[in-house]
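Construct the complete structure from the given sequences, taking the supplied hints into account.
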Amino acid sequence: MAYPEPLKERFRRGLEEIRAAGLYKQERILHGPQDVRVEVEFPAGELPRPVINLCANNYLGLSSHPRVLAAARAGLEARGYGMSSVRFICGTQDLHRRLEERLTGFLGTEDTLLFPSCMDANAGVFEALFGEQDVLIADRLVHASIVDGMRLAKAQTDTYKHSDMGHLEEKLAEHLDKRARVVVTDGVFSMDGDLAKLDEIVALAEKYDALVFVDDSHATGFIGARGRGTHEAKGVLGRVDLLTTTLGKALGGASGGCVSGRSELVETCRQRARPYLFSNSVPPVIVAAALEVLDLIEESTARRDRLEENTRLWRRLLVEAGFDVKPGESPIVPIMLYNARLAQDFARDLFEEGVFVVGFFFPVVPKGQARIRTQVSAGHERAHLERALEAFVAVGRRHGVLGLGKREIVERFGA
Amino acid sequence: MDDLERAILDYVRREYLEEDDDRQVGLETPLITGGIVDSFSMVSLKRFLERKNDIEIPDAEATPAAFDSVRSIAALVRRVAARRVPV
Ligand SMILES: Cc1ncc(COP(=O)(O)O)c(C=O)c1O
Chain A
128 MAYPEPLKER FRRGLEEIRA AGLYKQERIL HGPQDVRVEV EFPAGELPRP
178 VINLCANNYL GLSSHPRVLA AARAGLEARG YGMSSVRFIC GTQDLHRRLE
228 ERLTGFLGTE DTLLFPSCMD ANAGVFEALF GEQDVLIADR LVHASIVDGM
278 RLAKAQTDTY KHSDMGHLEE KLAEHLDKRA RVVVTDGVFS MDGDLAKLDE
328 IVALAEKYDA LVFVDDSHAT GFIGARGRGT HEAKGVLGRV DLLTTTLGKA
378 LGGASGGCVS GRSELVETCR QRARPYLFSN SVPPVIVAAA LEVLDLIEES
428 TARRDRLEEN TRLWRRLLVE AGFDVKPGES PIVPIMLYNA RLAQDFARDL
478 FEEGVFVVGF FFPVVPKGQA RIRTQVSAGH ERAHLERALE AFVAVGRRHG
528 VLGLGKREIV ERFGA
Chain B
290 MDDLERAILD YVRREYLEED DDRQVGLETP LITGGIVDSF SMVSLKRFLE
340 RKNDIEIPDA EATPAAFDSV RSIAALVRRV AARRVPV
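So the protein sequences, as listed, match chains A and B.
Quick note on the working numbering: the first sequence kicks off at 128 and runs consecutively.
Quick note on the working numbering: the second sequence kicks off at 290 and runs consecutively.
Calculated cross-link-like contacts (lysine-lysine; reagent style DSSO-like; alpha-carbon spacing at most 27 angstroms): (1) B:Lys341 with A:Lys305; (2) A:Lys305 with A:Lys288; (3) A:Lys152 with A:Lys453; (4) A:Lys288 with A:Lys533; (5) A:Lys288 with B:Lys335; (6) A:Lys533 with A:Lys494; (7) A:Lys281 with B:Lys335; (8) B:Lys335 with A:Lys494; (9) A:Lys324 with A:Lys453; (10) A:Lys288 with A:Lys494; (11) A:Lys288 with B:Lys341; (12) A:Lys334 with A:Lys305; (13) A:Lys324 with A:Lys494; (14) A:Lys305 with B:Lys335; (15) A:Lys324 with A:Lys288.
Hints listed in this document are in silico derivations from the structure and should not be mistaken for laboratory results.
Just so it is clear, the structure is predicted and the values come from calculations on it, not from any experiment.
Pasting the structure below:
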């Protein structure tokens, strides 16, 4: 038999171990479009209940914006549904090229190449550009898709402590004998919400003759005065060599990603990056809608400004209520609970109270660093955030964590 | 704990723990499976061991299992050093 019993048993046991460890992931089922309020069925089979959504990457509230929907419909009519081809055979339309040019302008780079997703962009970019004589030096908290991309590359690898510029400098000095050094970082770190010190990173890279790679998935569209990203916020527009980002978060939230940066690097990806060469083209509906998203963002900064105000309000409310909030300036606002069980129970109780958040724990974040990650949207009204806070305070009281810092929480609940 | 183990332990603490990190690292603490040492920077650790002990650890022996605790790393270093041909 092709699927022998012992093999089946092995997978069954594996799944049981995941369950026993309390790490089994269950999908929460939304009955309706993505929004700041959603109807969620959880666990599967329960009646859907209305909740305030604080866990989407819908930072600008554009996932279901009427103009984005209209542009998607028009794109569908004008350019059809699917491409049935990878880009370099017959999967490139005028729209794809136009979106690449618009992204180049928006990101302040030299050229841009679309990928099916940012996961694919990260999976392809390092392998396409760097070899055994080069070294990739990554922040220890970079996103999983970067870790996978680095694994796929033949380049040597090293890491530096999270945002520790002294440690990064040591590493750059240690690798001066390599053909190329590449500093690899997220722009905004997805689990912590802090911004990379790109100004200092770029300065160090210039001192040690290194390239800078930034994944700005959690920044493009809203970080920086005009929403161009972390490089804008840190005053280094045009000085980042390689940038990847996604259309799957603030920029409409459908799917798609890109590599943007120095023209020779992007052109080399067009020739060599395997997810670009061997996976289907981004569908015209999404490309047309993404062009409209860029119009919306470039017409006015009102949405990113609103997001900034909402973020400040949400952070202030949580801190005043006595939560241990990781400091930062992005709309990713982590509430630290340290203990994995506590984080899970906390998220479950919040759901009962009508607030939709997710608890994160090892291996997604380091051991003893469990948390609830909340994500603010420009679509949130003040009333949503105030209502969400009431739920947080009620659940926080129930678990007795209000006013406690790390040491007290760990003493009471364990790490 | 001998000098070799102490030197490795010091290096691991300095290189892999953050300032506010209160994880305890001892001789038997699982480093890689415990999420303290990531596989990318294992290279740094290997380079440190080679420089400090004037040895060359063959890639085939620099396995995540051999690097999973200070004790097993020290054993690996001793094994490799013992094979060194005197010049
Ligand atoms: C930092 C970062 N990079 C890349 C990705 C992947 O993006 P995509 O959904 O486009 O594959 C994510 C999404 O989770 C992310 O947070």
